[in-house]
Amino acid sequence: MRNTCRLVFLIIGFAIFYFTVVFILSSIQFKGLTLLQILTADKIGPGGWGHSLLRFRELQNIKNVDILFVGSSKAYRGYDPRVFQTKNYAAFNMGSTSQTPMNTYFLLKQYLPKIKPKVIVFDLDITDMAMDGYEGILDLLANIPISWELLEMSVATGNPHAVTNFLGKLIRDQKWPLASFDQQNMKNDKYISGGYVETTIDSEWVADDNIAKIKILNNQLDYCSKILELAKTFNIPIVEVIQPMNDILLRSIPNYKTIADHLKNSAMKRSVIFIDFNNTMHLDPFVDYMDEFHLNQKGVLKYNTVLLDRLMANKVLLPRAVGPIGTH
Amino acid sequence: MTHDEIKNKVTKIFRDILDDETIVLHDNTTANDIEGWDSLSHISILYAIEKDFNIKFILIEVKQLKKAGDLFDLIKSKTP
Amino acid sequence: MAFNTFSYLLFLPVIFLLFLICTDRLRWLLLLVTSFIFYAFLLKPLLLFVLLAVIVISFFFGMHIEKAITSAERKKFLWFGISGNLFLLVLMKYLPFTSSRIIAIGVSFYVFQAISYLADIYLNMAKAETHFGYFALYLSFFPKLLQGPIERAGNLLPQLKAKYAFDYANFRFGLLLFAWGLFKKVVIADRLGVYVDIVYNNVHAFTGLPLLLSTWAYAFQMYMDFSGYTDMALGSARLFNINLTQNFNNPYMATSVADFWRRWHISLSRWIFDYVFEPLQMTFRSYGKWGTTCSLLATFLVCGIWHGASWCFVFWGLIYGIYLSCSVFYRPFQKKLYAALGIEKARFLKYWRIFVTFNLISFAFVFFRSNTLGDAFYLITHMFTGKKNLQPAFAFSQGKYELGFLFMAALIYVCICVLRKNYDFLSFLKLSPFKKCLAVYSFMTIILILGKFHHTNFMYFKF
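Which chain is which? The protein sequence lines are D, L and C, in order. One point on numbering: in numbering that gives the first Met the number 0, the residue at position 155 of the first sequence is 154, and numbering is uninterrupted. One point on numbering: in numbering that gives the first Met the number 0, the residue at position 8 of the second sequence is 7, and numbering is uninterrupted. One point on numbering: in numbering that gives the first Met the number 0, the residue at position 170 of the third sequence is 169, and numbering is uninterrupted.
Isolated chain D, as found in the complex (with noise of 0.2 Å):
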């Protein structure tokens, strides 16, 4: 009995030590990231690569939002909401830096009940699908406000650094809140109303050929299977989507009809309708692609086209009438 008396207060004990740590280190900024987060190595501050800071500041405030398109960098660069609003559908783009189906979840779960969108889609990179989150979960440390469900996503990652991260944060947002901080000019890219960063890059890149088979992780499909129930449970329909990947890419990732499989089957257990562009459309990769990963401006046109399209062949978005912005 003593002992384990003795054993709690040891742990307790800790707790405080480590807190007072994390703390201190908080409290110290060097060049926009507190020593925490150096030693860390976490370096995304605010307002930092992805236009977050912008993206989620503006979900604050949005007052309708028609399509929710979430996802990792692929769907913030892969969505442009002013091809869905010449269909007068209002699109919101929320996706962010290697967010993976673990980090969707949660934002889901914070961001439904204040949006509630009248689609979801679900962008799935599979590249993002082999990791733990861990990556996704900087951004948003960096640029989302404290909430009780970016714990969760923290505790989620099973890595102890994005708790500590999150116990910096606390500290951090108290002395440095984040509206005082503004949006970075980023090269090459350019924020656009609802979210998305178009990209001023055409295709000056080199090709980098490594072959690598994926391995998706297993709790990553469990919680792809945890959206589906979420967007159930919020009665909003959600469609799966596998935009056109570069074919380099694909040449690169020797078991990608595996797991497309593997993920449509997961679809169709639960009714979700999936779709997988690269069965259906060929874009060219040094024309409509910025890098092996993520597609060009003249690639999301061509893209966003089709899916539009198809989203309403599938009757998932039903016509509207065309007129003056805002009518509706």
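Hints were generated in silico from the structure; no laboratory data involved. One or more hints might be untrue.
What the hints assert, rightly or not - So the derived label-pair ranges between C-beta atoms look like this:
| id | chain 1 | residue 1 | chain 2 | residue 2 | range |
| --- | --- | --- | --- | --- | --- |
| 1 | D | W147 | C | P12 | 36 to 44 Å |
| 2 | L | I59 | C | I353 | 36 to 44 Å |
| 3 | L | N31 | D | I11 | 47 to 55 Å |
| 4 | C | F383 | D | S265 | 52 to 60 Å |
Claimed, not checked - Sample of chain C residues facing chain D (criterion: CB under 7 Å; computed from the structure):
| id | residue |
| --- | --- |
| 5 | F5 |
| 6 | S6 |
| 7 | L16 |
| 8 | Y440 |
To be verified - With a cut-off of at most 27 Å between alpha-carbon atoms, the simulated BS3-like pairs for lysine-lysine come out as follows:
| id | chain 1 | residue 1 | chain 2 | residue 2 |
| --- | --- | --- | --- | --- |
| 9 | C | K335 | L | K62 |
| 10 | C | K434 | L | K50 |
| 11 | C | K334 | L | K77 |
| 12 | C | K288 | L | K66 |
| 13 | D | K42 | D | K30 |
| 14 | L | K65 | C | K126 |
| 15 | C | K74 | L | K65 |
| 16 | C | K344 | L | K11 |
| 17 | L | K77 | C | K74 |
| 18 | C | K344 | L | K62 |
| 19 | C | K43 | D | K263 |
| 20 | L | K62 | C | K160 |
| 21 | C | K43 | D | K256 |
| 22 | C | K43 | D | K214 |
| 23 | L | K55 | C | K288 |
| 24 | D | K225 | C | K43 |
| 25 | L | K6 | C | K74 |
| 26 | C | K334 | L | K66 |
| 27 | C | K335 | L | K8 |
| 28 | L | K65 | C | K288 |
| 29 | L | K11 | C | K160 |
| 30 | D | K256 | D | K117 |
Glycine is no exception: its CB is placed at the ideal position from the N, C-alpha and C atoms.
Here the structure of chain D is known, so what remains is to put chains L and C in place on it, guided by the hints.
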């Protein structure tokens, strides 16, 4: 042959092979005590002993050797 | 499950508690079941069958070697047992069909351990185990199952059979050793790995200094990773009053390549010396130095191949075979030279030899780490060429803060090593409870903040 005669002869072989006139062997001497007596030179030493004493060792016997004294006893058991 | 995961940090205390409350008679059974469950966590059922097959084959043939009357019969059973084990190893690791579908974690280690068991019985250095349960535990004991050490029957079996009594000193030592191993792995090795990977996964993008620095960094990464794992294994085993063999003894303080192999992955090097080199040398002893040379080349070829079915590993092994073969010839001259110069006992000579040996080892590591032979040859031909600019810093400036961090981690490591040397474990224990608490808290905090927990596995997992 007596134990001491064997010891002296073997010491001479060690000194020759390891090129060190200062080597002294006791019954409890092990490889840690003699510089140069390692796995690379061990078998050369044993081979020289085989040639000198006109005997043959087998692997099982060699594996049982833990110290110089064991080696002396093994040689004694093989020589008339 | 890897030692540096939450699952293991939960698994170990639970098993230990069960072990404490279990009756002594059945503790072996608890550990055996636990070890199989531990192996099952890899989610590869085939491996469980392989382990069971190795246990059964070795147990069966071990008994037969001992019972056999004639020397020819003993030899026959020995070779049957070895062949059966090697067949499984080759099947799992070297045949394209199986090896491309499953990473045979642990197989190399326990197959070699099983072979050492059979050989020791044959050589009258150990007795065959008659209790199947203890024997199975000897091969599958979970702290050493995935990456060794490769344990000899004479060391491990008696300890497994000994009556257990809780020993607070062992318990505490085990936990601290585990924490120390964790520190080496997540704070030092995995951080170093970030730089090494940047260069080695894209060698053609670099010339000159980055190639050299990342090779040296790899030498330390490998040492910290594997010795970190070993400490965690030894620490875990110590909780159960089991002393596993230490695998490392300050390897980079070696003054020669032969010395290095007495200090690096000791359980493997002892294995290849006892069961490959010595028998070969005995066979070729009448060929003098050339016989030794052939034995060395063959031995290190085996060592290279054991690490994996790739030309890089074969080259790596052969390099060491060549190093050691050359040393067989030049050692007498080297000795004469030092004597003639009067520097045999000189301090600087020792440091010079350490420096040279370290570089020989690092050179070999180029092949060990390179993804392809082409990469390895590129590395060695471009290591000292290339533009003389500050581009070399590129490998480290991916995250400028990381370089600073790395120096700090190295500094902490050195401090702790110095402290351990001058204020050994016992004097640590004599500190006041408050100071001890503070020291342990600080250590754990350093691991949690400076450690890298992201997507890593022990490097020796893949052997």
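Tested hints:
At roughly 29 Å, the beta-carbon separation of D/W147 and C/P12 lies outside the given 36 to 44 Å, and the hint is violated. L/I59 and C/I353 have their C-beta atoms about 38 Å apart, which keeps the hinted 36 to 44 Å range intact. At roughly 50 Å, the beta-carbon separation of L/N31 and D/I11 lies within the given 47 to 55 Å, and the hint holds. As the Cβ distance of C/F383 to D/S265 is approximately 53 Å, the hint placing it in 52 to 60 Å holds.
Restraint check, C/F5 versus chain D: the minimum CB separation of about 6 Å is within 7 Å; hint holds. Hint on C/S6 is violated. Least Cβ distance to chain D is approximately 9 Å, over the 7 Å limit. Interface hint status for C/L16: violated, as the beta-carbon distance to the closest one in chain D is roughly 12 Å, over 7 Å. Annotation: interface hint on C/Y440 holds; nearest CB of chain D at approximately 5 Å, less than 7 Å.
Between C/K335 and L/K62 the alpha-carbon distance is near 31 Å, which puts this suggested pair outside the 27 Å criterion. Between the alpha carbons of C/K434 and L/K50 the distance comes to roughly 64 Å, so the proposed pair goes past 27 Å and is violated. Our distance criterion of 27 Å between C-alpha atoms is broken by C/K334 and L/K77, whose separation comes to about 34 Å. Among the hinted pairs, C/K288 with L/K66 is consistent with the structure: their alpha-carbon atoms are about 24 Å apart, no more than 27 Å.
Between D/K42 and D/K30 the CA atoms are separated by roughly 11 Å; this keeps the pair inside 27 Å, and the hint holds. As the CA atoms of L/K65 and C/K126 are separated by approximately 18 Å, the hinted pair is consistent with the 27 Å bound. Note on C/K74 and L/K65: the hinted pairing holds, with a Cα-Cα distance of about 24 Å set against a maximum of 27 Å. Of the pairs offered as hints, the one joining C/K344 and L/K11 holds, with about 24 Å between alpha carbons and a cut-off of 27 Å not exceeded.
Taken as a hint, the L/K77 and C/K74 pair is honoured in the structure, with Cα atoms around 23 Å apart against an allowance of 27 Å. Between the alpha carbons of C/K344 and L/K62 the distance comes to roughly 33 Å, so the proposed pair goes past 27 Å and is violated. Restraint check for C/K43 and D/K263: satisfied, since their Cα atoms lie roughly 25 Å apart, inside the 27 Å limit. About 26 Å separates the Cα atoms of L/K62 and C/K160, which keeps this hinted pair within 27 Å; it holds.
Taking the CA atoms of C/K43 and D/K256, the gap is about 23 Å. The hint holds against a cut of 27 Å. At roughly 15 Å between alpha-carbon atoms, C/K43 and D/K214 fall within 27 Å of each other, so this suggested pair holds. A C-alpha spacing of about 19 Å is found between L/K55 and C/K288, which places the hinted pair at or below 27 Å, so the restraint holds. With a C-alpha separation of about 26 Å, the suggested pairing of D/K225 with C/K43 holds against the 27 Å cut-off.
A threshold of 27 Å between alpha carbons decides the hint, and for L/K6 with C/K74 the separation of about 33 Å lies outside it, so the pair is violated. For the given pair, C/K334 sits about 25 Å from L/K66 by alpha-carbon distance, which is consistent with the 27 Å threshold. Restraint check for C/K335 and L/K8: the C-alpha separation of about 24 Å stays at or below 27 Å, so the hint holds. Distance hint between L/K65 and C/K288 is fulfilled; the C-alpha atoms sit about 24 Å from each other, no more than 27 Å.
With a CA separation close to 45 Å, the supplied pair L/K11 and C/K160 exceeds the 27 Å bound. For the hint pairing D/K256 with D/K117, the CA-to-CA distance comes to about 31 Å; that exceeds 27 Å, so the pair is violated.
Hint check: violations occur at hints 1, 6, 7, 9, 10, 11, 18, 25, 29 and 30; the rest are consistent with the structure.
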